[in-house]
Amino acid sequence: MRVLEGKKLTKFFGGLAAVSEVDFNVDQGEIVGLIGPNGAGKTTLFNLISGAIVPDSGVLEFKGQKLTGLPAHRVCRAGVARTFQSVRIFPNMSVLANVSLGAVFGTKSGMSSAVAATAGEELLDFVGLAGASATRAGDLTLAHQKRLEVARALATQPEVLLLDELIAGLNATEASEVMDLITRIRDRGITILMIEHVMKAIMSICARIIVLHHGEKIAEGTPAEITSNETVIMIYLGK
Amino acid sequence: MNPGTTRKSLISWGLAILIVVLLGLVPLYGSPYTMILTTSIIMYAALTVSWVMFSGPTGNVSLAPAAFMGMGIYTAASLGKFLPLPLVILVGAAGSFCLALLVGALTLRLKGLYFSIFTFGLVLLMRQLVLWYEVRFTHTRGRFVVVIDNTTIFYVMLAIFVVLLITAHRLRRSKYGAALDAIGEDEEAAAHTGINVTALKTITFSLSALFMGATGSIMATKWTYIDPYIAFDPFFSFMPVLMAVFGGMGTFYGPIIGAAVFGLLEELLLTQFPFYYMLMFGIILVVAITYLPDGLIGLVTKWKKGGRAANNASP
Amino acid sequence: MIVAILDVVVAGLLLGGIYALISVGLSLQYGVARVFNVAHGEFMMLGALSTWSLNQALGLNPIIAMAVCGPVAFVIGYVLHRTLFKRLRRISASIGAFEGSSMLASFGLLFIIQNVANIVWNTQTKAYTFMTYPVSIFGALFAANRLVTLAFAVAFGVVFYLFLVQTRLGKAIRAAAQDPKTAALMGVNINQVLALCFGFGALMAGLGGLLVSMSYPMQTTMGLEYTIITIIVVALGGMGSIPGSFIGGFSLGLIGSIVTKIEPGLSLAAYYLLFMLVLWIKPTGIMGK
Chain D
0 MRVLEGKKLT
10 KFFGGLAAVS
20 EVDFNVDQGE
30 IVGLIGPNGA
40 GKTTLFNLIS
50 GAIVPDSGVL
60 EFKGQKLTGL
70 PAHRVCRAGV
80 ARTFQSVRIF
90 PNMSVLANVS
100 LGAVFGTKSG
110 MSSAVAATAG
120 EELLDFVGLA
130 GASATRAGDL
140 TLAHQKRLEV
150 ARALATQPEV
160 LLLDELIAGL
170 NATEASEVMD
180 LITRIRDRGI
190 TILMIEHVMK
200 AIMSICARII
210 VLHHGEKIAE
220 GTPAEITSNE
230 TVIMIYLGK
Chain Z
0 MNPGTTRKSL
10 ISWGLAILIV
20 VLLGLVPLYG
30 SPYTMILTTS
40 IIMYAALTVS
50 WVMFSGPTGN
60 VSLAPAAFMG
70 MGIYTAASLG
80 KFLPLPLVIL
90 VGAAGSFCLA
100 LLVGALTLRL
110 KGLYFSIFTF
120 GLVLLMRQLV
130 LWYEVRFTHT
140 RGRFVVVIDN
150 TTIFYVMLAI
160 FVVLLITAHR
170 LRRSKYGAAL
180 DAIGEDEEAA
190 AHTGINVTAL
200 KTITFSLSAL
210 FMGATGSIMA
220 TKWTYIDPYI
230 AFDPFFSFMP
240 VLMAVFGGMG
250 TFYGPIIGAA
260 VFGLLEELLL
270 TQFPFYYMLM
280 FGIILVVAIT
290 YLPDGLIGLV
300 TKWKKGGRAA
310 NNASP
Chain U
0 MIVAILDVVV
10 AGLLLGGIYA
20 LISVGLSLQY
30 GVARVFNVAH
40 GEFMMLGALS
50 TWSLNQALGL
60 NPIIAMAVCG
70 PVAFVIGYVL
80 HRTLFKRLRR
90 ISASIGAFEG
100 SSMLASFGLL
110 FIIQNVANIV
120 WNTQTKAYTF
130 MTYPVSIFGA
140 LFAANRLVTL
150 AFAVAFGVVF
160 YLFLVQTRLG
170 KAIRAAAQDP
180 KTAALMGVNI
190 NQVLALCFGF
200 GALMAGLGGL
210 LVSMSYPMQT
220 TMGLEYTIIT
230 IIVVALGGMG
240 SIPGSFIGGF
250 SLGLIGSIVT
260 KIEPGLSLAA
270 YYLLFMLVLW
280 IKPTGIMGK
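Protein chains in written order, with numbering that gives the first Met the number 0: chain D, 0 to 238; chain Z, 0 to 314; chain U, 0 to 288.
Calculated directly from the structure, the hints in this document are not laboratory data. Positions of the beta carbon are idealized from the N, C-alpha and C atoms, including for glycine. Just to be clear, a hint being listed does not mean it is correct.
According to the in silico footprint, chain D covers these stretches of chain Z (three or more CB under 8 Å from chain D) [to be verified]:
#1 176-185
#2 189-198
Lysine-lysine pairs mimicking DSS-like chemistry, simulated, CA-CA at most 25 Å apart [to be verified]:
#3 K174(Z) - K107(D)
#4 K110(Z) - K85(U)
#5 K281(U) - K110(Z)
#6 K110(Z) - K180(U)
With the rest of the complex left out, here is chain D:
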């Protein structure tokens, strides 16, 4: 079943098309990868989906419901959550407070602070941050802050989760732990669309990959298809 769909999405910054006529779709339960060289428009696409910016043209749909033009908080409540490339947690608040906020404000029908705290603890446990509840979020290591951001996004009870370069900057152990986390999230029934530069990760967990270049979608397919796609090879090696 199609959960998330974008048709002919376009966004200009000044005279430059950051995203140009991009069609994409994601089915329930998939883990889809989004790759492309720097400046390809991947984060811009995420920004369009999450409601951070409004497309100049094109349509976004979530389970048939129109998403285009909705402000970020409505997109979140509808069931689409995201993390940011530059980890954006609330540094001066406690770890638990960060996550609870997501549960209180980001779910479809909201939640009381008490119930949210319990849900928050469970999520912290799920992402491997059990015991860090009272820690000041800004005092965590980068790897742990990334997990906190994931927990906060999960607290909003999303059906689709957008992950922006979750694995970048992590060492091998941390990276494989995160990859495991991503599959466990999918096992909970959440559909995932992930931007990543770490090819190994993308190829191993994604069922399908979309390739962007200069704002346009230039290829789409299984990992095997993408790695043997000549255009893709060109743009990564041909510069």
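Starting from the structure of chain D, add chains Z and U where the hints point.
Same frame as chain D, but now just chains Z and U:
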């Protein structure tokens, strides 16, 4: 956000109630001068606490307190003859609330700077508008305020302040208080966490304006004669900012201490050195911003802790 | 009929010229040095009142006084930046934090400057006369001093624009406005440039005040209104854009003149309405990115 132990909060509550009771006794046991001075300090404390209620957690600096206070003052001056005091205060508060709703809805969805500069000019705009209206339609240049006895003013001002403190405290501890903190830390991330940033900011801003309006309405009798220039005075935007920056915006007692200090100073210096004291206050504000970013309370906290915990995430 | 229209239009241009000049100063201070100086109008007030003092004490006419007021205003602005704002920049965690604290600091400056002025000059309204004889343009009469004001406002603006575009220092300033880090890497002494810009901003305000003093009465509280008008001009024209300040300044001047003709006392309200429209439709202003 501090978890705060139960004992600590019981002590705080006990202290707060004690102070309110003591204040309540001032008219009975203190001299009329003391009572009027205390009224003035409570007025400043109310303005400062309401200012901090919004601008503290969000970091959106509002320079409009004078506009909202002015609305309250002018409402009292215009309606004082026709309506009983409680209604006058309600109308003053409601008027300021509505004005803030309008300003907030328009400017709080934009960059913080636009909000600040819009509020900066608001007091002058209100002054001009009211003046124009009076000249054009009512042909009155100034109004005489209905006189109310000082004891009533004291107790009403104290009551408004207590309601404000309770409101501000409840807000801070509620989920909306946490949301406001999140907005102050990272507005876009807060929006992506499901927080309706513009709506929450606008309502909080309007709530703070409501109390400023109420304060203005009751304090109007400080001046027997009101005209738009007296009612809408940029000084009342300056003082809350000064008191909050100096006293520190992270706690409740910081702004109150700031209000007490400068309320007293103003009283002491007003008659002797009319422009010099305002000059001094300006210098103190600049010095405080430069050397005391967390205010006096922040400085004291730093001394007590003997240095701060590391503030960065390790790479 | 033509005379009436001309009356309003020329009055608007005269007002607009002053607005434009003072706005260029604010635009420089924010666009380059990132200081939103709400005390800007106070510099204008200082310029006006110093000119009055020079006129009263030494009989200097304002044109000559420019040679004094201009440099003094520049120096005050320059020193202020090198002492206060440079330090604030150093202790601020981010550009956003710096913008906030520098605006608050300038708020404090506002009260400092205004009260120093109250002590030096007292609060009474002052004026002096200079070139008040009437000049006729197509049948409409204007005081000569107002025309001189307009001429100088435009002249200053043009000279400064040429300075920015043609000279090495001017180009350094523009580079610093666009991208301070890169400009520093290319050898531009950033601290120097920022302080110079702040100085130039104060210079514009001071000269603007001097021009105002030629035709209008003045008092120590006059600055605030000009600050607000300047803010609206810069918002309308685009922060950091000098041509934008001129467009915005003259637009506001014309609007003010028209509104004053129809309904005197509502000019600021009209400006604010325009402000609200700009914020609603295009917050970055006409020439803004």
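* To do: Confirm or reject the coverage of the region 189-198 of chain Z by chain D under the rule of 3 or more residues with a beta carbon closer than 8 Å to the chain's beta carbons.
  => holds (count 8)
* For the pair we were handed, K281(U) and K110(Z), check the Cα-Cα distance against 25 Å. => Judged against 25 Å, a Cα distance of about 12 Å means the pair holds.
* To do: Below or equal to 25 Å on CA atoms is what counts here, so check K174(Z) against K107(D).
  => 16 Å, holds
* Asked: Within a Cα-Cα threshold of 25 Å, do K110(Z) and K85(U) meet the stated pairing?
  -> 24 Å, holds
* Asked: Can the region 176-185 of chain Z be counted as covered by chain D under the rule of three residues or more with Cβ-Cβ separation shorter than 8 Å?
  -> holds (count 6)
* Regarding the pair K110(Z) and K180(U), is the alpha-carbon distance no greater than 25 Å? -> Between K110(Z) and K180(U) the Cα gap is close to 23 Å, so the pair holds against 25 Å.
Checked against the numbered hints above, the structure breaks none of them.
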